[in-house]
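Full structure from sequences and hints, please.
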Amino acid sequence: MRLSDLATFAAYLCVVVAIGILARSRSRNNEEYFVAGRSVHWGPVGLSIMVTAFSSLNFMAYGGEVIGNGLYVLAALPAFLIVALPITRVFMPFLLERRVTSAYEYLEERFDNRVRRFAALTFLLWRVAWIGLTLFAASSMLSLLTGVRVEVLLVITGIAAATYTAIGGMRAVVWTDVAQFVVLVGGLAVCMVVTGQRATDGLMGVLRSAYEGGRLAPFAPFDPTFVSVDPRMRITIWSGLIGTVVAFLARYGADQMVLQRYFAVRSLRHARIGFWLNIGAALTALLLLTLFGLVAFAHAVDSGTLGQPGMTPPQLLVNLITSMPGGFAGLLGAAILAAAMSSVDSGVHSCATVFLKDLSSVDRNPTSPNGKQSLWVRPQVVSALFGIAAVAGGLLFVSVFGREASLFAITNKVINGLGSPLLSVFLFAMFTTTVTATAVLTGGAAGVASAILLPALSIDMALHYYAVVNLLVSIVVSLAVNAVTKENRLQSHRR
Numbered sequence: 126m127r128l129s130d131l132a133t134f135a136a137y138l139c140v141v142v143a144i145g146i147l148a149r150s151r152s153r154n155n156e157e158y159f160v161a162g163r164s165v166h167w168g169p170v171g172l173s174i175m176v177t178a179f180s181s182l183n184f185m186a187y188g189g190e191v192i193g194n195g196l197y198v199l200a201a202l203p204a205f206l207i208v209a210l211p212i213t214r215v216f217m218p219f220l221l222e223r224r225v226t227s228a229y230e231y232l233e234e235r236f237d238n239r240v241r242r243f244a245a246l247t248f249l250l251w252r253v254a255w256i257g258l259t260l261f262a263a264s265s266m267l268s269l270l271t272g273v274r275v276e277v278l279l280v281i282t283g284i285a286a287a288t289y290t291a292i293g294g295m296r297a298v299v300w301t302d303v304a305q306f307v308v309l310v311g312g313l314a315v316c317m318v319v320t321g322q323r324a325t326d327g328l329m330g331v332l333r334s335a336y337e338g339g340r341l342a343p344f345a346p347f348d349p350t351f352v353s354v355d356p357r358m359r360i361t362i363w364s365g366l367i368g369t370v371v372a373f374l375a376r377y378g379a380d381q382m383v384l385q386r387y388f389a390v391r392s393l394r395h396a397r398i399g400f401w402l403n404i405g406a407a408l409t410a411l412l413l414l415t416l417f418g419l420v421a422f423a424h425a426v427d428s429g430t431l432g433q434p435g436m437t438p439p440q441l442l443v444n445l446i447t448s449m450p451g452g453f454a455g456l457l458g459a460a461i462l463a464a465a466m467s468s469v470d471s472g473v474h475s476c477a478t479v480f481l482k483d484l485s486s487v488d489r490n491p492t493s494p495n496g497k498q499s500l501w502v503r504p505q506v507v508s509a510l511f512g513i514a515a516v517a518g519g520l521l522f523v524s525v526f527g528r529e530a531s532l533f534a535i536t537n538k539v540i541n542g543l544g545s546p547l548l549s550v551f552l553f554a555m556f557t558t559t560v561t562a563t564a565v566l567t568g569g570a571a572g573v574a575s576a577i578l579l580p581a582l583s584i585d586m587a588l589h590y591y592a593v594v595n596l597l598v599s600i601v602v603s604l605a606v607n608a609v610t611k612e613n614r615l616q617s618h619r620r
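Numbering of the sequence shown is given in this note's numbering, commencing with residue 126 and proceeding in unit increments.
These are calculated hints, taken from the structure and not from any lab test.
Every residue, glycine too, gets a C-beta built ideally from N, C-alpha and C.
Since no wrong hints were added, every one of them can be taken at face value.
If you anchor each label on the Cβ, the simulated ranges turn out as follows:
1) S428 - E156: 50 to 58 Å
2) L206 - F347: 18 to 26 Å
3) V277 - L246: 29 to 37 Å
4) D326 - V525: 36 to 44 Å
5) H166 - L582: 41 to 49 Å
6) V215 - T409: 22 to 30 Å
7) G311 - A605: 50 to 58 Å
8) I146 - P450: 26 to 34 Å
9) M436 - V525: 19 to 27 Å
10) H166 - A132: 26 to 34 Å
11) R391 - R359: 39 to 47 Å
12) G311 - H166: 15 to 23 Å
13) A132 - Q433: 30 to 38 Å
Rendered as structure tokens:
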């Protein structure tokens with residue numbers, strides 16, 4: 126990277142860390158630290174929800190998928206609109222009415238403490254793995270861009286995000302997310318304009334290259350397998366829609382990382398408006414990423430690098446970035462870093478919240494014998510420890526995968542699949558009155574086992590169906606156990 130690129134990159138890093146530090150003065154108690162005093166406006170919260178879920182995985186996985194396979198990923202976009210009604214009209218009113226800090230507090234009220242702890246542990250497994258993979262994705266791409274070792278970039282990114290999160294709490298997370306949204310979407314938009322103007326015949330030239338290379342499939346030319354009901358097809362309109370709806374219901378209806386943003390707003394109305402803002406922002410960013418992938422493909426065709434040894438989709442994305450005029454490469458590098466840091470700060474903060482609220486005794490015994498708050502239950506300390514855990518997870522991914530991981534496949538097979546057991550627990554909690562804690566706990570555990578084991582079995586199944594199968598396993602096992610235990614109770618009563 127040139128000096129102007131490095132200056133842009135460094136300026137972004139300094140700004141977001143400064144925002145986190147400036148937010149420190151507002152974080153005077155746990156209510157402020159965890160949910161910002163429940164006083165945040167819908168605008169910042171809506172953008173925070175969007176960038177929380179939009180990680181560097183999207184840059185490499187989504188952009189790389191477009192380069193490698195075309196526009197099949199667009200099948201998932203209508204899922205945003207499909208889930209909006211149940212989330213804004215059912216899940217949000219139900220959860221906000223309870224004024225909880227951790228969504229899993231309600232599970233103890235409905236079931237028992239075992240289910241609450243199970244949900245908390247499942248969430249931590251899900252999100253620590255996701256943060257680690259996010260750091261791995263960002264650092265891998267930035268390493269190709271800068272020449273700096275992956276491990277060094279991973280540690281710097283993780284520690285920087287964890288630092289301002291630990292210092293500033295929810296308010297720091299939300300406002301740094303706003304800054305990261307501006308850098309992320311603004312960087313993508315500006316760089317697409319620049320590269321589109323430089324391409325032969327502009328945007329029409331990009332689309333022509335994509336069409337001739339088969340990267341406008343399944344739409345042009347139309348791929349009949351796209352509407353196939355065969356569950357073994359890699360991506361179809363059905364698997365993309367159904368699987369993504371399940372994954373999004375888990376994300377927006379059972380994921381503390383997102384739910385905590387609902388809890389931070391001033392009212393239900395603000396939460397709903399913020400959610401719709403999140404949808405608009407997410408669709409804008411994903412469409413820009415789709416164009417980013419097509420422009421990278423066209424650039425590879427024009428430069429003659431397509432198909433050359435070592436020219437993987439991430440490398441082709443980096444080749445496009447480094448071809449930009451001075452300063453623009455740094456801007457897009459900052460956008461990649463923004464996508465990573467927004468995920469790390471949100472994940473670390475919500476993990477600390479869940480640990481302290483659901484797994485520790487902080488609410489019952491927050492002080493040490495001398496009357497002072499114990500060091501190990503201070504939110505700032507716990508946030509820092511989860512930041513270290515996330516960095517360690519990212520380094521583990523580096524050692525296991527190197528740079529050869531198929532991030533799109535890992536995200537859909539493993540990461541999205543881990544949310545399904547949590548969604549199952551919430552569905553039973555909200556919509557049933559007779560299913561027992563033991564049944565829900567057993568079904569949830571079966572779903573987690575399915576999420577871990579299914580990817581290892583190399584089953585020939587559409588990528589998006591992994592989340593669906595895990596949800597079905599959780600529900601079916603829960604209902605079966607509930608039926609058996611109900612029959613046993615009836616027999617015992619007859620005796």
